[in-house]
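**Q** What follows is each chain in one-letter form.
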Amino acid sequence: MSDTSPANDDRAAAIARWLAAAEADADERGLPELKPLLQGLAASTTALRAADWNDDADQVPTASSREADRS
Amino acid sequence: MSDWQGETIADLAGALTRRETTSVALTEWCLERIATLNPRLNAFITVTADRALAAAHAADRARAAGADTSALHGIPVSLKDLIDEAGVVTTAGSRVRHDVVAATDATVTRRLREAGAVFVGKTNLHEFAFGTTNEDSGFGAARNPVDDTRVTGGSSGGSASAVASGMSIASIGSDTGGSIRIPAAACGVVGLKPGWGEIPADGAVPLSRQLDHLGPIARTVTDAWLVHETLAGRAPRPDARLAARPLAGTRIGLLRGYFAERLDTEVEAVFDAAVETLRRDGAIVEPVEIPHARDIGPVYLHLVLSDAAAYHAATLARRPGDYTPNVRIRLEMGRYVLAEDYVRALRGRAVIAREIDHALAGRDVLLCPTMPVPAPPLGATMVDVGHGQTEPVRNAMLRLTQPFNVGRQPALTIPCGRTRTSGLPVGLQLAGASGHTSGLLEVGLSVERALARR
Numbered sequence: 001m002s003d004t005s006p007a008n009d010d011r012a013a014a015i016a017r018w019l020a021a022a023e024a025d026a027d028e029r030g031l032p033e034l035k036p037l038l039q040g041l042a043a044s045t046t047a048l049r050a051a052d053w054n055d056d057a058d059q060v061p062t063a064s065s066r067e068a069d070r071s
Numbered sequence: 001m002s003d004w005q006g007e008t009i010a011d012l013a014g015a016l017t018r019r020e021t022t023s024v025a026l027t028e029w030c031l032e033r034i035a036t037l038n039p040r041l042n043a044f045i046t047v048t049a050d051r052a053l054a055a056a057h058a059a060d061r062a063r064a065a066g067a068d069t070s071a072l073h074g075i076p077v078s079l080k081d082l083i084d085e086a087g088v089v090t091t092a093g094s095r096v097r098h099d100v101v102a103a104t105d106a107t108v109t110r111r112l113r114e115a116g117a118v119f120v121g122k123t124n125l126h127e128f129a130f131g132t133t134n135e136d137s138g139f140g141a142a143r144n145p146v147d148d149t150r151v152t153g154g155s156s157g158g159s160a161s162a163v164a165s166g167m168s169i170a171s172i173g174s175d176t177g178g179s180i181r182i183p184a185a186a187c188g189v190v191g192l193k194p195g196w197g198e199i200p201a202d203g204a205v206p207l208s209r210q211l212d213h214l215g216p217i218a219r220t221v222t223d224a225w226l227v228h229e230t231l232a233g234r235a236p237r238p239d240a241r242l243a244a245r246p247l248a249g250t251r252i253g254l255l256r257g258y259f260a261e262r263l264d265t266e267v268e269a270v271f272d273a274a275v276e277t278l279r280r281d282g283a284i285v286e287p288v289e290i291p292h293a294r295d296i297g298p299v300y301l302h303l304v305l306s307d308a309a310a311y312h313a314a315t316l317a318r319r320p321g322d323y324t325p326n327v328r329i330r331l332e333m334g335r336y337v338l339a340e341d342y343v344r345a346l347r348g349r350a351v352i353a354r355e356i357d358h359a360l361a362g363r364d365v366l367l368c369p370t371m372p373v374p375a376p377p378l379g380a381t382m383v384d385v386g387h388g389q390t391e392p393v394r395n396a397m398l399r400l401t402q403p404f405n406v407g408r409q410p411a412l413t414i415p416c417g418r419t420r421t422s423g424l425p426v427g428l429q430l431a432g433a434s435g436h437t438s439g440l441l442e443v444g445l446s447v448e449r450a451l452a453r454r
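Protein sequences, first through last, are from chains A and B. Just so you know, we're using our numbering here: the first sequence kicks off at 1 and counts up by one. Just so you know, we're using our numbering here: the second sequence kicks off at 1 and counts up by one.
You may find that some hints are simply not true.
[As the list claims (entries may be wrong)] To give a feel for the contact side, a few chain B residues facing chain A, derived at Cβ under 8 Å:
(1) P298
(2) V299
(3) I329
(4) D341
(5) R354
Since the hints were derived computationally from the structure, they do not count as laboratory data. Keep in mind that this is a model prediction, so the values were computed, not measured. For glycine and all other residues, C-beta sits at the position ideal for the given N, C-alpha and C.
Chain A with its partners taken away, still in its complex shape:
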């Protein structure tokens, strides 16, 4: 099931902005072959930011976040 929460929308928008800027930079540097890799990286970053160990400053820490703190 896809996550349609506002937080997810914010994440997706932030990554879309990052990807657009990165692709423009790759074009400017004459590295268009980098763009498919950046798209793959964006998908990976989306998954990383959705992981439940990530903190949210106005929320109680998740169990996974506390687990990371114990290491």
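Starting from the known structure of chain A, fit chain B onto it as the hints suggest.
**A** Positioned in the frame of chain A, the structure of chain B alone reads:
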């Protein structure tokens, strides 16, 4: 000249002790194998024949003089060409470093040298260890000795090829996401990634210092143990032997979910048959999952891209054209990872490490295939991962090994059979608890023996 193909360090140390052969004879045999096979397999970037023969003569003289020897005394070994050997170029598989001569030995090189090992050369690798096939090397692709239309796996592909084909008796590789275990499995030999920090990594060109491990590629589990002990600074005597831990009652966590999905059907069949053998021998095999397993790839990618980008930034800016195109473009990608995502990946690494530790609690080892696929054909970009699905080669080859780099636990690959249609080697992977590499090897020895008895 005797044929030493298939002989182990344990066998050869005995033969040397009994004066049935000499280090010079063993070294000449390996150098002859290199001269014959390397033009086809491209396993070595540099062959140090004169230095090797001088070291072999010295080893024989020391033995004749009654020196107290270790198991590796006079044994021909090779070093992945990102590990420094004083006076020899360390290319890291890149034209960027074609003339960089090491001023001093890496600690692992020094320990091997002090144990009497003879270095026959520096082996090929995926450029800067940044790949899983050994195709993108500044010195040409390495080829698999089992089928030279296939990749060796990587990044320590030359090391695995050298051991599998008898060009050296053992080799030292590095492993950031699977670079010892992947080529060892692809070439049909044993590979050990020790626990993180067990073996000093100074004097080795880094890929990601927080994920890099140095360790042995060898023909047998006992040989891997003998080399590992030497690398750890505990050079064993020639008659030292690893004690097998009986399989009866050994508790094995069979990794499911992420670790059991998307397997080549022939790899799956070979692996399942091996698991059945272990069960029949009395192992207690029970399924186990890692809750955040699907996050391992993103965590790994953000760590390794960032670390590699930091190491290469200055050189990449000065001479980008001296890198191979695929490695260059991956290094460029690392420059776009944000610091906040690197921090998220660091926290994820901690979570995943604890989950693997938790899965090991009350169990002796965890078990899964080493790779979901056999060695892919040279030039392949996608591989069949079973049930009509395909996956990029790099993702598939890394998928089952990188968890234990992220988690930092020791992990071992052992050959467990061949695919039915193409006869390619399949590896079985065992992972053990941090700080218990010897225990992992003890179980590995029993597994190796059980599989050999079938």
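**Q** If a hint holds in the structure, say so; if it doesn't, say that too.
**A** Status of each hint after checking the structure:
Interface hint status for B/P298: upheld, as the beta-carbon distance to the closest one in chain A is roughly 4 Å, under 8 Å. Satisfaction of the interface hint for B/V299 is found here, the shortest Cβ-Cβ separation to chain A being roughly 7 Å, below the 8 Å cut-off. With its C-beta approaching chain A no nearer than about 6 Å, B/I329 sits inside the 8 Å limit, and its interface hint holds. Below 8 Å, beta-carbon pairs count as interface contacts, and B/D341 has one with chain A at about 6 Å; its hint therefore holds.
Checking B/R354 against chain A by beta carbon gives a least distance of about 6 Å; that is within 8 Å, so the hint holds.
Going down the numbered hints, you'll see the structure goes against none, and every one checks out.
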